[in-house]
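Modelling step: build the complete structure from the supplied sequences, incorporating the hints.
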Amino acid sequence: MSKPKFAMYWAASCGGCEIAVLNIHEKILDVDANFDVVFWPVAMDAKYKDVEAMEDGSILLTLFNGGIRNDENEHIAHLLRKKSKILVAFGSCACEGCIPGLANFSSITELVDTAFSTITTDNPENIRPQSSYAMPEGIITIPTLNPVLKTLGQVVDVDYYMPGCPPESHQIAAVIDLVIQVLQGKAELPPKGTTIGAGNSTVCDECKRTRNVKTIKEFRRIQFTHTDPELCLLEQGIPCNGVATRSGCDARCPTVGAQCIGCYGPAEGVVDYGARLISAFASVIDSNKPEEIDKILDGLVDPAGQFYRFNLAGSLLRSSKSAQKG
Amino acid sequence: MQRITIDPITRLEGHGKIEIFLNEQGNVTNTYFQIPELRGFERFCVGRPVEEMPLLTNRICGVCPEAHHMAAAKAADAVYHVEVPRTGKMLRELLYSAFYCTDHTTHFYALGGPDFIMGPDAPVAERNILGVIHKVGLEIGGKVIQMRKYGHTVVEIIGGRKVHPCTSIPGGLTKGITEEQRKEIEMMGRWAIEFAQFSLQVFNDIVLGNKTYLDLIVGDVYTHKTYYMGLVDEKNKVNFYDGKVRVVGPDGKEYVKYEPKDYAAHIAEHVEPWTYLKFPYLKNVGWKGFVDGPDSGVYMATPLSRLNAADGMATPLAQAEYEKFYNTLGGKPVHQRLAIHWARLIELLYAAERWVELATDPEITSPDFHAIPTATPTEGVGIVEAPRGTLTHHYWTDERGVVTKVNLIVGTTNNYAPITMSIKKAADSLIKKGNVNEGLLNMVEMAFRAYDPCFGCATHSLPGQMPLEVTIRDAEGNPVNVLKQFCE
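Here the protein sequences line up with chains A and B, keeping their order.
FYI, this note's numbering numbers position 296 of the first sequence as 296, with every residue one higher than the one before it.
FYI, this note's numbering numbers position 47 of the second sequence as 47, with every residue one higher than the one before it.
Careful: at least some of the hints might be erroneous.
No farther apart than 25 angstroms at their CA atoms in a straight line, the calculated lysine-lysine pairs in the PhoX-like style are these [stated by the list, open to error]:
1) K27/A to K149/B
2) K143/B to K225/B
3) K432/B to K405/B
4) K321/A to K405/B
5) K143/B to K235/B
6) K211/B to K225/B
7) K27/A to K143/B
8) K49/A to K5/A
9) K237/B to K225/B
Hints listed in this document are in silico derivations from the structure and should not be mistaken for laboratory results.
Set out below in C-alpha cells:
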C-alpha cells in the first residue's frame with residue numbers, strides 16, 4: 001500500500017520554519033517512514049508541474065509557511081489548497097503575516113522606493129524592478145508584488161493553524177506524532193479551524209517569573225534596565241507581550257530576560273491581539289490622573305509596532321490606508 | 001534564438017531564476033540570474049525602537065538569524081555610543097562561533113561537499129549526504145547531526161532560542177551564563193575542534209588525494225580575478241564578529257582597510273531593472289559591468305575572500321591549515337571559486353578553536369555583560385562576517401532611539417555580481433552548439449553552490465541535492481528538451 005503524501009512549502013518567509021522542522025532531528029525519520037514526501041523545495045526537487053499533475057486532494061498533509069507577498073505565492077497557495085486534504089498554515093507568517101506583515105503600514109511604492117534609494121544605491125536613472133523586461137536577447141520576467149501582504153487564510157481555506165516564529169521543534173514533533181496516530185486509527189483529528197501545536201492559555205501562564213501586584217508607574221526600555229532575573233518583566237516596566245500571547249513556547253524569551261514579542265499570536269479566543277494587549281497594559285498602569293497616564297504611555301515609543309508586531313496582516317486592521325492604495 | 005530557463009533554483013527571498021540565451025549556433029550569448037522578491041525591511045523597520053532591530057532583522061533570514069542579530073546589536077550599540085563590556089562581547093562572539101560551526105558543517109556535508117566526496121560525475125542519486133555516509137562511513141551521519149545539535153545548544157544557552165535568538169540588546173545582553181553552562185559549552189567546543197580536524201582530514205584524503213578533483217579546483221572554468229573582502233582583527237587575522245573591513249585586490253595586496261562606520265565611502269550598489277536585488281561593488285573602483293580584473297569594482301565576500309583578505313588565522317591549528325592551503329594552491333590570493341569549500345573547513349576549525357578560547361576565558365561567566373547606554377542615540381553601523389559574506393546594518397534614529405532610516409547590505413548580496421559571472425562563465429564554457437547534458441546541470445550548479453548562496457535551498461537542506469530543471473526552448477519558446485535532477 002502506498003504511503004500518504006506529505007508536502008511542505010515556503011512562500012514569503014525566512015527559512016526559519018524549515019530549520020525548525022530540521023531541528024526535530026531523528027524525528028524527521030518518522031516523517032519519512034510514514035509519508036511519501038512529494039513536494040518540499042528545501043529538501044527535494046521542486047517542480048510546480050508535478051504538483052499540477054497530481055489528482056485534487058491527493059496530498060494528505062501540506063504544511064504551508066510564509067505569507068502571500070506576490071502573485072507567485074498566491075498561485076501556489078491555490079494550487080496546494082486544491083491538491084491537499086489537510087492544509088496547515090504553518091508558522092507566524094502564514095497564520096498572521098509575522099514581521100514581513102509590518103510592510104502593510106506602507107504602500108509597495110514606498111517599500112520599493114526606499115530599497116532603491118538608500119545611501120549606497122547607485123541609481124541615477126531611478127530604476128525600479130519591472131515584472132517583465134525586454135533585454136536584447138528576449139523578455140525576462142519576475143513575479144509582481146501584491147499591494148498588501150496577506151495571510152494564507154485570507155487567500156484560501158485553511159484547515160489548521162500552527163503558530164510561532166518559528167514553531168517550537170517539540171511542538172512540531174508532537175503534531176507529527178498526532179498525525180501518525182490518526183493514520184494508525186489511534187487518534188482523531190481536531191475540529192477544522194483549530195490552532196494546533198500550541199497551548200490554550202497565555203505565555204504568562206507558562207512563565208516561571210514571580211508575579212506580585214501587577215502595577216507599574218512607568219514603561220522602561222530593556223537597554224536601560226538591569227532586570228531582576230526572577231520578577232515578572234511587565235511588573236518591572238518592560239513592555240512584555242506575554243499576557244495577550246498564546247502559550248506553547250515555554251515562555252522562552254521572558255525566561256532569558258527578553259520581553260515576549262508576541263510570535264505565537266493571539267491567545268485562544270482573542271479576536272484582535274492589539275486590542276487585547278492595549279487593555280492588558282491599561283489595566284496595569286498605576287494611576288488615575290490623566291496627565292500622569294499620558295506620561296506613562298509616552299514610554300511606549302512605538303504603539304503600532306508594540307501591538308501589531310507579528311499580527312498586523314492578520315488583524316482586523318490588516319493594513320494602513322496608504323498600503324491599500326498601493 | 002534558444003533560451004534555457006533554470007527555475008526554480010529556489011531562494012531565500014523568492015525563487016532564484018537563471019535564464020540562459022543561446023544564439024543561432026547554440027552558443028551562449030547571455031545569462032541572467034534574477035531574484036524575484038522584496039519584503040521591504042528597510043522601509044518597515046522605520047518607526048520601530050532600535051532595541052527591537054536585533055529581533056526584527058532576525059526574520060530576514062531564518063538560516064543565519066544569528067548574523068543579523070549580531071550586526072543589528074552592534075549597530076544599535078553604535079547608535080547609543082555605548083561600549084559593550086568585555087564579557088558581553090565575548091558571549092556574543094561565543095554564540096556566533098558555535099553558530100558558524102553548525103552552519104559551515106551543514107554546507108560542507110549536505111550541500112557543497114558531496115560534489116567532491118562523491119565526485120561531480122557520480123550519479124545524482126548518490127551526490128548527497130546519504131551518498132557521503134555510504135562512502136565515508138555510517139558514523140559520519142551521527143557526527144554531523146551531533147555538530148548541528150551542539151551548535152544549536154550553545155545558541156540556545158546564550159541566545160535563548162535555537163532559531164531567532166533574543167538576548168542581545170544595546171550595550172550587551174539580557175543575561176550571562178553560569179559556571180555549569182560554561183562547562184557544558186567548553187565540552188561541546190572541544191568536541192567541535194576534533195570534528196573540524198576530522199572534516200579537514202576527510203577533505204585531504206578524498207579531495208586533495210584525487211588528482212581529478214584537484215584539477216577541477218585549480219581549473220579555469222571556476223576562476224575569477226576579483227577583489228576580496230573580509231573582517232580582520234588588529235593583527236589582520238580573520239575575525240567573524242569584530243574588526244575592520246579589509247579589501248585586497250586581484251593581486252592580493254591591500255586595496256583598502258576601513259572602519260565599519262565608513263562603509264558607505266567604499267561600497268555602492270548597482271541597480272538592474274530585471275531583478276529585485278542590487279549588485280554591491282567597490283565605489284572607488286567603479287561599476288564596469290559583470291567583469292573581473294583590477295578595473296572592475298566587483299568583489300567577493302566568502303570564506304575564501306576572508307582568507308585572501310587576511311594575513312592569517314588567529315588560532316594555531318587553523319593557522320597551520322591556512323599555510324597548507326596557500327602552499328598547495330600556489331600562494332595568495334587564490335582565485336579559484338571551488339577552493340571556497342576548503343576555506344570553509346579552515347574557518348570551521350578556527351570557529352571551534354575560538355569557541356573553546358572564549359569558553360575558557362576566566363571572565364566569560366562574569367555578571368558584567370551589559371552596560372546601560374547614557375548618550376543620546378544618533379546613528380550607527382554594525383558589521384559582522386555572515387558565513388556568506390560581510391553583513392552591514394546601518395541605522396539612524398531620533399533622540400528617543402526610534403529608527404528613522406535603515407540601510408542593509410546582506411551577506412549573499414555582496415556576491416550577487418560574482419555569482420552571476422560564475423554562472424555565465426560555466427555556461428559559456430560548457431554549452432557549445434546547443435549541447436546540454438546532465439553534466440552541465442551539475443557544473444553550472446557547482447559554479448554558484450560554492451558561494452553557498454542564501455537564495456534558497458542552496459543553503460541548508462536535507463538531503464542536500466539542489467533541485468534544478470533546465471528547459472531548452474526553440475526560437476518560438478517551445479520546450480525541445482527538459483533535463484531534471486532529483487533528490488533521493
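Going down the list of hints, with the structure as the test:
Restraint check: the Cα-Cα separation between K27/A and K149/B comes to about 14 angstroms, which is no more than 25 angstroms; the hinted pair holds. About 36 angstroms separates the Cα atoms of K143/B and K225/B, which puts this hinted pair outside 25 angstroms; it is violated. Between K432/B and K405/B the alpha-carbon distance is near 49 angstroms, which puts this suggested pair outside the 25 angstroms criterion. A distance of roughly 22 angstroms separates the Cα atoms of K321/A and K405/B; the hinted pair therefore holds under the 25 angstroms criterion.
The suggested pairing of K143/B with K235/B is violated, with an alpha-carbon distance near 34 angstroms, which exceeds 25 angstroms. Restraint check for K211/B and K225/B: satisfied, since their Cα atoms lie roughly 23 angstroms apart, inside the 25 angstroms limit. Restraint check for K27/A and K143/B: satisfied, since their Cα atoms lie roughly 17 angstroms apart, inside the 25 angstroms limit. Distance check on the hinted pair: K49/A and K5/A sit about 16 angstroms apart at the alpha-carbon level, within 25 angstroms; holds.
A hinted pair counts as satisfied when its Cα atoms are at most 25 angstroms apart, and K237/B with K225/B qualifies at roughly 22 angstroms.
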